[in-house]
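Undergrad: Here is how the chains run, residue by residue.
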Amino acid sequence: MGKITIVQAINMALSEEMQRDTNVVIIGEDVGKDGGVFRVTEGLQEKFGPERVVDTPLSELGIIGSAIGMAAYGIKPVVEIQFMGFIYAGLEQIFSHASRLRSRSRGRFSAPIVVRTPYGIGIKPPELHSESAEALFCHMPGVKVVVPSTPYNAKGLLKSAIRDSDPVIFLEPSRLYRSIKAEVPEDDYTVPLGKAEVYQEGKEITVVAWGTMLHRAAEAAEGFDCEIIDLMTLKPLDEEAILKSVRKTGRLVVVHEASKSGGLGAEISALVAEEAVEYLKAPILRVAGPEAVIPMARLEDYYMPGKERIRKAYEKVMLY
Amino acid sequence: MRKELLKYGMQTLTKNILDRMYASMLRIRMFEEKIVELYPEQEMKCPVHLCIGQEAIAAGVCLNLKKDDYVFSNHRGHGHCLAKGSPMRPLFAEFYGKATGCSKGKGGSMHLVDAERGILGTSAIVGGGIPMGVGASLASMLKNEERVTAIFFGDGAYDEGAFYESFNFASLKKLPVVFVCENNFYATNSHQSARQPGCRISDTAAAFDAHGVCVDGNDVIAVYKAARDSVSRAARGGGPSLIEAKTYRWKGHVGPEADFDKGSRPKEELDYWVERCPVKAFRAFLLEKNVTTPKEMDEVASAIKAEIDDAVSFARASPYPEAKELLEDLYI
Ligand SMILES: Cc1ncc(C[n+]2csc(CCOP(=O)(O)OP(=O)(O)O)c2C)c(N)n1
Ligand SMILES: [Mg+2]
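Note that the protein sequences, when read in sequence, are chains A and B.
Those letters in the first sequence? Residues 1 to 320, by the numbering used here.
Those letters in the second sequence? Residues 1001 to 1332, by the numbering used here.
Chain A with its partners taken away, still in its complex shape (with noise of 0.2 Å):
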């Protein structure tokens, strides 16, 4: 097999989980016959069947709350929102529900579904469908949160997902979906969840990012020694993994396209502060978008931290 896409991976993960499980089931807006917006479920309805992969009415919070209640039941519902800014209207029932289940049946069940979404800045049209409101699940207990980059940990990040006991928000960057291709294993593998990964050895600096603003920090990096440690599972977060390098270089930039304050940056800068205080050898920096909505395309490029802002943060540190 070829180079694919992180489309491709997707598919390719929901496919092979389905063939291993029939509880598996795929729910969403135009996911049969369309094959979703991004065409990530493409020939999955005609493969298992309608039944399998349910078309549904406009509806966020009924889809999400449906599925909550089919993976109470002991499905395995894969939802699909066409863009992250469509899951607010679903937020009421992973927060108030799907996050609680364990806890309110005191561990006896869960509400084991995926939501997946298209997330953060990517083709092109302002406000809500290019929304990267991670931090907004992170805060909310009971939820895993996932963001993959490559279209390998794509594909084995998702079957963790999907065979996790809890609920997971998989946060899909629409800008990489077709621009980035790789190799991809066709056979079973999975990528754990609550796992971070270091994407590119260094010394001098921690740069921890995920998804789109990972690839933006590797650019950067030309010239200075970074280690950079692509999150992937933004909740529960690897904890020992963002220590263990921020010991070793004593920096840490955070690198997110989300805005800042209340950011996700926030919470990392906090732990290294609590843990490794002692280690530092500058301020943290957090790189991230400003606190704006998102606009067009023409302003776009402001918004999102580009290579020459990373590269600032990362000079800023080195020269402290």
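It should be emphasised that the hints constitute simulated quantities derived from the structure, not laboratory data.
Incorrect hints may appear among the rest.
Claimed, not checked - With a straight-line cut-off of 25 Å between C-alpha atoms, the simulated DSS-like cross-links for lysine-lysine are:
1) A:Lys316 to B:Lys1251
2) B:Lys1262 to A:Lys312
3) B:Lys1280 to B:Lys1015
4) A:Lys260 to A:Lys195
5) A:Lys260 to B:Lys1225
6) A:Lys33 to A:Lys159
7) B:Lys1251 to A:Lys33
8) B:Lys1034 to A:Lys124
9) A:Lys47 to B:Lys1262
10) B:Lys1251 to B:Lys1324
11) A:Lys307 to B:Lys1324
12) B:Lys1262 to A:Lys33
Unchecked claim - Rough simulated footprint, nothing fancy, chain B against chain A, three-plus residues with beta-carbon under 8 Å:
13) 80–91
14) 103–116
15) 227–241
16) 270–278
17) 284–293
Glycine is no exception: its CB is placed at the ideal position from the N, C-alpha and C atoms.
Assemble the complex: chain A is given as a structure, and chain B with the ligands must be docked to it using the hints.
TA: Same frame as chain A, now just chain B with the ligands:
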């Protein structure tokens, strides 16, 4: 002429109103067609959802509204704004992402706003405008202001819980609001029958003890009359109405091209509806009934063309927003 109109049961439909219906529909049609023409230049950097084929609904409803009445729109909102009287310049400028756009070039086609004409801000969230519209009508009632709110939404938005919660509340409080469901049978590529068991949207009103009516959304007079009835009912304290207007969008869900060749919808279906073009049919009607002369119609068309040309030049010549504007208008 007056007699002729009487004979056709249009006692209150004067030539003036009929001409305005025609002009309003044609203005929307020509505006949208200009986008179709210009879009391939790739200067408009926003997705556009065109309403070609659906013009009669916006035109027929908005002719019953005053300038300070409110309109809540959706992602397919060009027609609503135009029919409410929005000038073209800020709309085209918005599509081009220019600082002179109605949303300062930051929002694009799905986020139109015209505060002067009661269009309070539109979003891409399907159904998102419905509760806000109910809120505006509640506010107008609390303030004793004689305003009616019209909420436009699609058959897809009817799927969303926001509709039911809002309609229930509006009817409970007998609010001065008109719910206008533009039923073009599709939400993206999903047919109404794949999403709704009964496909009887207007019947919903009965369960909420409100007025519901289903009209041919390609017949501007039918829409006008239904809206006139609903607006006056709303204004008199008779509560909300649900107008379901059946129509069809000619272009794909998004963008300037038709979509039937992608297998989304059968070509015969489009042909059927193109045959029933609201603008063409109404033009023929006006001519046949000698309401309007071809010369008058030509004059209307050239005035619209001039307005479009002016707006497009304005939009092209306008500056892009500066980087700092990204951070503006968050709060004060
Ligand atoms: C809450 C939400 N869910 C999904 C979408 C994606 N989406 C945009 S328009 C649309 C179809 C809307 O159909 P309808 O309400 O009938 O309006 P039409 O496009 O036919 O005018 C969908 C699914 C969205 N914008 N918002
Ligand atoms: Mg529709």
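Undergrad: Please flag the earlier hints that this structure goes against, numbers listed from lowest up.
TA: 1, 2, 5, 10, 14, 15 and 16
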